[in-house]
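**Q** Here is what each chain is made of, one letter per residue.
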Amino acid sequence: MAEKFCVTITHCRTDGDKATVGFVVANAALGSEKDTMVFLSTDGVYCAVKGEAEKIDEGAPFAPLKELITKFVNAGGKICVCTPCLKKRGIAESDLIEGAVPAGGAVLVEWLSSGSPCVAY
Amino acid sequence: MPETYPDHWSFDDEFDSGEESCGRVIINLHSYVKELAPGTRLLLISRDPAAPAEFPAWCRMTRNALLDAAHPYYLIELKPELKENLHG
Chain A
327 MAEKFCVTIT HCRTDGDKAT VGFVVANAAL GSEKDTMVFL STDGVYCAVK GEAEKIDEGA
387 PFAPLKELIT KFVNAGGKIC VCTPCLKKRG IAESDLIEGA VPAGGAVLVE WLSSGSPCVA
447 Y
Chain B
3 MPETYPDHWS FDDEFDSGEE SCGRVIINLH SYVKELAPGT RLLLISRDPA APAEFPAWCR
63 MTRNALLDAA HPYYLIELKP ELKENLHG
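Protein chains in written order, with our numbering: chain A, 327 to 447; chain B, 3 to 90.
There could be a bad hint or two in this list.
To be verified - Which residues of chain A face chain B? A few of them, derived with a C-beta cut under 7 Å, are:
1. N353
2. A354
3. G357
4. D361
5. T396
6. K397
7. V399
Don't read these hints as lab results, they were simulated from the structure. C-beta: ideal position from N, C-alpha, C; glycine also.
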């Protein structure tokens, strides 16, 4: 996959609707053969914390958040989680779901600087 | 909406995404077609009202060929550029 795409998500507990739609769009990008990264920051980091996504289900026509995230990871999507945002909340790397990795601004900036578009939720 | 696809369409496989929309149908379709060989002709059925805009966009991005469309039916040939050239 030559072309990249990025979705940044800054909500989970604060706005499950935005977290859900963010992952829907990430799945659309991945399913359209874009090399896709979801960058989670601020409250959005909770999307990648074990047990948290299970709490969010916006109802039809949206799939539960956990299902959206699992599909994204299984299809080869990357999830990067803002390290200082994790530390601020007392979340350890071992609290993250499989497929999510701690990352910082350099990773995000490098990804976008290579020409990747980005949409934010 | 027509009750069935046009008579002259021929295809090897079909995928019915029902009324699902947006990323949900795209990721499901992507997961389904990645197991299929280039050149496979796929009948896609989608009752999503956005389908007439969504599937042409998806086909352009993924280099699948949208051969014909009669919403809710879409006839797609997968990756025609990657088909084996049997005549050398």
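**Q** Holds or violated: the hint that V399(A) contacts chain B, with Cβ atoms closer than 7 Å.
**A** Hint on V399(A): violated, closest Cβ of chain B at ~11 Å, above 7 Å.
**Q** Is the interface hint for K397(A) satisfied, with its Cβ closer than 7 Å to some Cβ of chain B?
**A** OK, holds: K397(A) within 7 Å of chain B, min 5 Å.
**Q** Hint check: is the beta carbon of G357(A) less than 7 Å from a beta carbon of chain B?
**A** holds (3 Å)
**Q** Would you settle whether the hint for A354(A) is holds or violated, based on the nearest Cβ-Cβ distance to chain B being less than 7 Å?
**A** holds (4 Å)
**Q** For the hint on D361(A), does the least C-beta distance to chain B fall short of 7 Å?
**A** Where the cut-off is 7 Å and the nearest Cβ of chain B is about 12 Å from D361(A), the hint is violated.
**Q** So, N353(A) near chain B? Judge it on the closest CB pair being under 7 Å.
**A** Since the shortest Cβ distance to chain B is 4 Å, the answer is holds.
**Q** Would you settle whether the hint for T396(A) is holds or violated, based on the nearest Cβ-Cβ distance to chain B being less than 7 Å?
**A** violated (11 Å)
Going down the numbered hints, you'll see the structure goes against 4, 5 and 7, while the others check out.
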